[in-house]
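Enquirer: Residue strings, one per chain:
Protein chains: 2
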Amino acid sequence: MELPQFEYLIKKLDEKKGEIDKAIMDYIRKRYEGELYELVEYAVGDGKRLRGVVLLLISEALEGDQKKALRLAISAELGHSASLVHDDIIDRSVERRRKPTLWKRYGLEKAVILPHILISESLDIARREGEEFFKVGLETWSKASMGEYLDIIAEDRNNWPGMDYRRLIALKSGSLFEGAAEIGALVSGKKEYIQDAKKYGMALGIAYQFSDDLVGYINSNEEGGGSQNLFSYYIKNEIGDSKDISLIMGFFMFNIMKEFEIIRKSKLFEKSEYLKLFPIFSILEIMKENASMYDILKNVIENYF
Amino acid sequence: MELPQFEYLIKKLDEKKGEIDKAIMDYIRKRYEGELYELVEYAVGDGKRLRGVVLLLISEALEGDQKKALRLAISAELGHSASLVHDDIIDRSVERRRKPTLWKRYGLEKAVILPHILISESLDIARREGEEFFKVGLETWSKASMGEYLDIIAEDRNNWPGMDYRRLIALKSGSLFEGAAEIGALVSGKKEYIQDAKKYGMALGIAYQFSDDLVGYINSNEEGGGSQNLFSYYIKNEIGDSKDISLIMGFFMFNIMKEFEIIRKSKLFEKSEYLKLFPIFSILEIMKENASMYDILKNVIENYF
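Order-wise, the sequence lines are chains A and B.
Count along the first sequence from 1, add 728, and you get the number used in the working numbering.
Count along the second sequence from 1, add 728, and you get the number used in the working numbering.
Just chain A, with the same shape it has in the complex (with noise of 0.2 Å):
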């Protein structure tokens, strides 16, 4: 059962989804052919368009021309499917989204090429809208690469002694969130917004993967990769081995109401009943995968409002 505020923003999130599915295969059916065409539709023809979204409700909210943004959520998107492909080799993860992953359904060499081609392509798009939009996207997919490399780094259980956990989600997932952000309100024109969409869109990046780390060390994922493996190592460190749920979620309050009090503060908090509740709507999807954290949320939520 959905919590009744969230009625009107799930369906907004539909409409949003829509149309961002809608963009993406018009650009790539004008864009590519034969079997090229095929495998991008394989890396991008899924998905659940969150970073696309958030671009284009900031950029909505800041009444931003909605067709630009539209254009830009493409580039989003096709960069972040394009990270998911090469992620999933560096994960050896044979399946996403109930799909063979690319590489296991095209091979290594294919799966290896297919994301230089889209972000290429992501950022030409973002080229083609202004410089400050390529900008924004070539600081976003540097990054992510950069967290990406942390995320290796974190596989080794010797390296975890000197990381930083928050420092790694913020990187490697924060920066996709915050790039999107930061484009929404970009599009808009209205640059005194800019700073509070980029740390809006970075506090959700980063509590919607601490969320994603959180359900994967109490469900015991083995395929969390480098952040769970950091995740698990910095719980540990703070509650011990205990996987008392009341305890964990004490854990996970602490460390998830950090996130948003910033996202409280942003100027965008109030500019939209959306951008109030896309946040802690995106973490309730996350949770449940797990009964039990997803009604203790619940709760606290209902209280919340």
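Since the hints were made in silico from the structure, they are not lab data.
Among the hints, a few may not be true.
Same chains, same label: a pair holds when it works inside one copy or across any pair of copies.
As the list claims (entries may be wrong) - In silico BS3-like links for lysine-lysine, alpha-carbon gap of 25 Å or less:
#, residue 1, residue 2
1, K871, K758
2, K832, K995
3, K863, K795
4, K1026, K750
5, K796, K863
All of these numbers come straight from a predicted model, not from anything done at the bench.
Following the hints, position chain B against chain A.
Expert: Just chain B now, with coordinates in the frame of chain A:
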């Protein structure tokens, strides 16, 4: 024994290569640290720097700012080095320049992510020099990625009949020389040379890859990748299975001369003695891998000047 005409050129090339080597090492030492520095150094610490050298020679011939050109040569070489890391994964090569390839030495995971760090850095260097430079960098990367994709497609003999060998090597190898040459001209601000520089670079890159595939074909090199496979198909269609050296030489001269005609017609050809000799010199360097081809070609060239 070197041709006497090449003496000054070789001195010049060594000088330019030395400048680029030093600039790259200074740059990465400031930019990276720890194990990431080690990885970057492993990937970029070696190389002939041909693309960077072309960039410097052209900008020098057109009296462009040499400091700016050197920064952009770093950008070109970082991008090129990054592409080699992924090439080696794709071709499953275990050795490059007498060292283990990066994926072999540091593992697949780091070899998948490192090029993202290098290419985003390469594009950011270009961006800092001006919008026109990152535009060229981005186009180059996009073309080279498409070329690499075609190279993978050409691994499968079923695809050969419908493929265009020259288009493949134009994208895969020509693009990087074309981009370097264009940037060299852009640095000078002399817009009237840009189209000629692009043609010069593209023809040079095609001649270079053509020669490389030819030598691989004659020496029956098994690690030549898709373009060499397609080359074999192409040459066999023209002259059959014969390994008769004069037949092959004829085929080679016929094709390579088309590229040299383009180079000859370029305004750059008359602009500097170095730019005149460099293409011939590069091809001869490759031909050293096959003694009989080298001798024949040297003879032809001595009469050519």
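Enquirer: Just pull the numbers of the violated hints for me, sorted ascending.
Expert: Violated hints: 2, 4; rest satisfied.
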